[in-house]
Amino acid sequence: MAKGQPLTFDLDEDDLKLFTEEADEQLELLDTALVQLEGEPDPELVQQIFRAAHTLKGSSATIGHKRMASLTHAMESVLDAVRQNRLTPESDVVDALLVALDALRVLAAEVNTRVHSGIEPGEIESKLKGILEGNAAGNGVAVKVAPSAPATVPPAAAEALLADIAGGKQAFHVHVSIDATCELPGIRCYQVLQELEAIGSIPWSEPGRDAIESGNGEYTLTIVVAGLIEEGHVRAALEAVSDIGPVTVSHLGVDELAAASPIEAAPVAVARPRLSVVENDAAPVAATPDAKPGKKGSQSVRIDVERLDGLMNLVGELVIDRTRLQQIRDAANPVLKEANLQELMQNFEETTSHLTRITDELQEQIMRSRMLPVRSVLSRLPRLVRDVAAKCGKKVDLVMSGEETELDRSVIEEISDPLVHILRNAIDHGLETPEERRAQGKPETGTVTVTAWNQETYIYLSVKDDGKGIDTSTLRRKAVEKGLISREAAEAASDDAAVQFIFLPGLSTAKTLSDVSGRGVGMDIVRTNIERVNGNVSVRSEPGKGSEFIIQLPLTLATTKALMVMAQQTVYAMPLVSVTEALLEREADVHTVNGKRTLRLRGKLFPLIDLAEALGDGASTAPEGERFVVAARHGTRQVGFLVDRLLGEQDVVVKSLGDLIGNRKGLTGATILGDGSLGLIIDMPSLISEQARFAA
Amino acid sequence: MASRPGAFAPEDEQAPSAEEHVVVFRLGQEYYALDIQAVQEIVRIQPTTSIPGAEPWVEGITNLRGRVVPVIDLRRRCGVEAAPHTSDTRVVVVGGSTGMVGLIVDAVTEVMRIPVDQIEAPGAIVSVPQNAYLRGIAKLEDRLVSLMDLDGVLPSHDSADTEDSSVTETIARAA
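Keeping their order, the protein sequence lines are chains A and B.
Just so you know, we're using the numbering used here here: the first sequence kicks off at 450 and counts up by one.
Just so you know, we're using the numbering used here here: the second sequence kicks off at -18 and counts up by one.
Incorrect hints may appear among the rest.
What the hints assert, rightly or not - Some chain A residues well away from chain B (every beta-carbon gap over 10 Å; in silico):
| # | residue |
| --- | --- |
| 1 | 636 |
| 2 | 663 |
| 3 | 698 |
As the list claims (entries may be wrong) - Over 12 Å on every C-beta distance to chain B, these chain A residues come out as not near it, computed from the model:
| # | residue |
| --- | --- |
| 4 | 465 |
| 5 | 765 |
| 6 | 766 |
| 7 | 786 |
| 8 | 810 |
| 9 | 844 |
| 10 | 997 |
| 11 | 1066 |
| 12 | 1128 |
To be verified - Pair ranges (Cβ atoms, derived):
| # | chain 1 | residue 1 | chain 2 | residue 2 | range |
| --- | --- | --- | --- | --- | --- |
| 13 | B | 22 | A | 801 | 24 to 30 Å |
| 14 | B | 113 | A | 775 | 44 to 50 Å |
| 15 | B | 65 | A | 1073 | 31 to 37 Å |
Hint data in this document are derived by calculation from the structure and do not stem from the laboratory.
Small disclaimer: the values here were computed from a predicted structure and weren't measured.
Backbone N, C-alpha and C define an ideal beta-carbon position, used for all residues, glycine too.
Hey, can you work out the whole structure from these sequences and the hints?
And the structure:
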C-alpha cells in the first residue's frame, strides 16, 4: 500500500460518523492531556490518556484500520509503563507521544478520505519501543505521585467530614485505578466500596455510590473514607481487591476540607512547572450551570446541530406569530369591550401574555443549547504554545482562565484561527528570548495569559504577554515606507493610535520572516476574520511590559444588536458593534470639502454619506436638517451615514437573503421586524471601507 | 422537478397515462403552467421589502411565516407589460434550486392534467429569448398554456449580477 491508494474500511455511513466523532474527541483529549503530562504524572491524567489511546485502538481495530490500531497499541504500551510508574514522562517521552499523535490524526482522517495518506507508523512505533526499552533498564524510577486535589469533595460531604474529624475520626482521600485489562471494572469498584465500607463510613465517592452499586463503575474511582482508622488500614483493605493499579491515599485534614467547604468547588489555581492552567472544576455540562458536582456529564445527550438549527427556526416563527397575536389582541380589545365581553377579553390577555413568556423562555433555552464552552478552542492552545515556544527558542508559561465561558458554536468555529494567530505572534514577536529577558531583569520564562469572559451580550478573549511590547516607532516607519499612511498622519498619531497600525494590511513588524508567524500577512487578516462575525479586535501595548490583544465577539451569530434606522421608507439594521454615535443632522458639523459632504466630529473629518444612495436606492428625500447622522467605524476608517429617522436599538435575528438574491452590496441579510415586515441588515465593514475609499 | 427544455415527453416516468399535473396561472392575457411538484403554496400578495440594487424583476423579500423569501415579479421577468395588483393577484411559492421563491402572477386559474401528446416544443411557436424558461406549449381546446421551466425563470446565483464584497474589500485596502 502506498500514498494515494484507495482504502476500504469496515463501516457504513452511520458508523463513519460515530467513528469520526469519537476519534476527534479522543484525539483532542490526548492533545491536551499529553502536554499536561510532561513532568507531572498525575495518576488520574495518565489513566485518562491511557483510556483514550485504548479506545482509539479498539475502534480502529474494529473497522480494520491496521496501521492505526498498531500505532495506538505502541502508544498504549508506553502509557502503560508510565501508568505503572516504570517510566517517567520526561519531555522526550512526551515528544515521541506527540509525534505519534500527529500521525494518528492523519491516519484517522484516512477513514473519511479513504485514501492512503502515505503515513507508515513503523518508524514511530520503533521509536516508542526504544523509549520503552531504554527506560526499562532504569526500572523502578520512583515517581512522586501528586495527590489528587481534595477540593473535589463537595461541600455537603466536607461539612459532614469536618464533624467526623471533630469527633476524633480520620478521613482519607483514596484514588484507585482499575487495570485497563480488567473486563468488568464495575465489579472491582463495587468491591473497593465494600472493603472500605467495612472499615469506615463513605460520605462521598466519584462515581457515586448509586452508580457503583448498579455496576456502572469506571476505570478510576475516588472515594473519601472516614473512621477510627489509619492509612495502613485503608491500604490493607484495598489489597483484598484484585486488578487494581496505582492507589493513592492522602490524609484529609481540617485545612483541606475547610478549603473545599465554602460554596462549591471554587476555581483552583494550579501552578505547574511549565504550563499552568487555571482550572475550574465545576461540572463540564455547560448548558446546566447549576449541575451538581459529582454528576459530571452523566446528563448530557449528543444532538445534531442541524436539529438545533431547525428548532431555532421554528422558535423564530413562533416569535413572529406571537407578535401577530399581540397585534390581533390589540385590534380586538375595543371590539370586545364594546360587546361587553370583558371576561373573554381578559382570558385573551392572559393567554397571550403567558404565551409571550413561554416563547421568550423557549427562545433563550434553545439559544443556550447551542452554546459551547470556549474550552473546545482553548484546549488546543497548550500544545500549540509548546510547539511554537520550542521553535522560537523561548520559554513560555501559558495561563488560561474562563474556559467555561460559553458562546454560540457558530462563533467558536470562526474565532479559532484568529486566536491561534494572535497567540503565535505573542510568542514569536512579543516575548523576548531567555537571554534578552535575563538581561532586562525579567524572569527567563515569559508568561502568556489567555482569558475569556462575558460582559453584557459580548464575550471577550484576551491574549496578554509580558514581553517587549509593540515598537511604535518601527510601526510608524513601516506604515509610511509601505505607503499605508502619510508621514504627517503617522507622526501626529499618539502611541496608542500608532499601535493600531499593526492592523493595517500588508504590514509586518518581524525583522525576519519566520515559519511561525508566516509572512506578516497576519493582523489585518485576523481583524477581517473577527469583523466578519461582527466582532472587534483592539490592542494595547506598553514598551518593555508587554502587549494585550482583546477580541470582542457577539454571544451568537444568530442575533445581533443593531441600531434600527429608516432611509427611503426601508428599515435598516446597523450592527451596533460598528456604530460609534448618532446625532441630529442639524447639530452635526457638516462641511463641504472638494464638493463632498464631510462631517467633523470630535476633531476628525470624515465623509458623510447618504445611506440610501450608497446602497443604490436613490438620494434621501426627507427634509434637510430633520435627518440623522450615524457615525460608524471599521478599523481605522470612519464614515457618517445620513438616514431619515432613528428607530431605536433592537436585537435582530439574522436571516439570509437567500441564494437567489445572494450577497448584495452592503447587505448581510434580513431580519423580521415586530410588525412582521422585513428590515435589511447592513454589512457595515464593507460599506464603510467602500465609502471611505470613494471619499479618499 | 422541472425537466430540461425540449426533453419533457419521454421522461414522465411516474405517469403511465402520460399526463403532466400542473398549476395554471395568468400573466396579462397569457396562460402559463408550473409542475405541481414544484409549487409549495399559493398566497395572497403581501408586503415586500425591496432590495436596493437588485435586478428590476426582483420585487423584494417577504416574510412567509418566519422565512425570508425572495419575490419575483413574473410579469417583468417575462417581459409582460407591468400592471397594478388586483384582488386576484397571487404569489406562487415554489421550491427551486436556490431555495424558496415567490412568483407574483395575475391570477391562479386552475390545477389540471395535460396529456403529454398535447405538448409541443416551444421553439416552434415562441421567439428565442423566452425559450430559456419555457419547456413546452400545451395546445388546449380553448387556449395555449406555456409550460414554465423553473430553473430557467430563476437564474442561478453565478449568473446573477452580484458584486463580490471581498473584491470591494481588497480594492479598498489597496487604495
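Mind listing which of the numbered hints don't hold for this structure, in increasing order? Structure breaks hints 5, 6, 11 and 12.
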